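Heads up: the sequence lines are chains A and B, in that order. Counting along the first sequence from 1, when you hit position 82 you're at 82 in my numbering, and nothing is skipped either side. Counting the second sequence from 1 gives a position; my numbering is that position plus 1000.
If you're looking for bench data, these hints aren't it; they were derived computationally from the structure. Treat each hint with caution, since some may be false.
[What the hints assert, rightly or not] Derived DSSO-like pairs: lysine-lysine, alpha-carbon spacing no greater than 30 Å straight-line:
#, chain 1, residue 1, chain 2, residue 2
1, B, K1096, A, K135
2, B, K1096, A, K183
3, B, K1090, A, K183
4, B, K1096, A, K180
5, B, K1101, B, K1090
6, B, K1101, A, K180
7, A, K151, B, K1101
[Unchecked claim] Some residues of chain B that are not near chain A, with every Cβ distance over 12 Å (derived):
#, residue
8, I1009
9, L1100
10, K1101
[Claimed, not checked] If you want the footprint, here are the derived chain A segments under chain B, 3+ residues with CB under 8 Å:
#, segment
11, 45-58
12, 82-89
Bear in mind that the values here come from a model prediction, so they are computed numbers and not experimental data. Ideal Cβ positions, reconstructed from N, Cα and C, are used throughout, including at glycine.
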Amino acid sequence: MSGPIQLLNNLLNNYGMPQGFIVQASFYVIAAFAVISALGVVVSRNIFHCAIFLALSLFCVAGIYLFLSAEFLAVVQVLIYVGAIVTLFLFAIMLTANIGDRSIRHTNRQVLAGGVVAIIISIFFIFVIIGEPWKKALVQARPLTLQEIGKSLMSAYALPFEVISLILLAALVGAIVIGKVRKE
Amino acid sequence: MIPQSHFLILGAVLFAIGLYGALTRRTAIGILMSIELILNAANINLITFNKFLGSPDGLGQIFALFVIAIAAASAVVGLVLVIAVYRNMKTIFTEKMNMLKW
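Just chain A, same shape as in the assembly (with noise of 0.2 Å):
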């Protein structure tokens, strides 16, 4: 932290706000934006507002990846979900469906049975979190550089590495031929 975030703490510590306020205010703020707009998703009516908030979920959830000290995992989420997925979500919806109608119902008939699920579970993982006692961070956490990700890619790492090299590439192939249009 640094320039005009320093100044601001400093003022901040003045009034008496704790220090690092700045820092964790925007993380509640983003997690916040994360979960209001993953709840777009699933709620939204028209799916292409859904796919919109989709790329904004994923954009918060790359910033909070900023909080954890993953700068390369943040460029890679924006790069890669924010980039390249979203937009395949909105060209397959605009090759598929109906997106102007919004009298088309996009929920099945299990919502309420869905609900009571998801938030049974919620509520039960939020328990277990909050009673187990983490402890403190025992290493202290320093930002993986790009260098020592890529080598741990290309050491111990190397076998994963290439299956999934060898998964994309079925992906690739199988989505060519899937999507293909076959002349009768």
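Fit chain B to the supplied structure of chain A, relying on the hints for placement.
For chain B alone, kept in the frame of chain A given last:
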């Protein structure tokens, strides 16, 4: 310093929202979007534990990278399947895709 549990709660809430969407959406595209939310929640958990348990070579971040790659592959194949089904059956609603049911 933001405590670890708040990141984990965010991941749990995002997972529950994605689960709700996957259970209640009628369109295949909506279900795929909800699955992307669930994978993101998993990624938040992986990176949180990577930071707070202090893995030396960044195991959590690297597996989050793998999860992103898998999510991209699954989204591509899923959306192509949706388009192929739409071309043949003229529908994107999952309850109409019942050719294999008797």
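Query - Hints breached by this structure - result: 1, 7, 8
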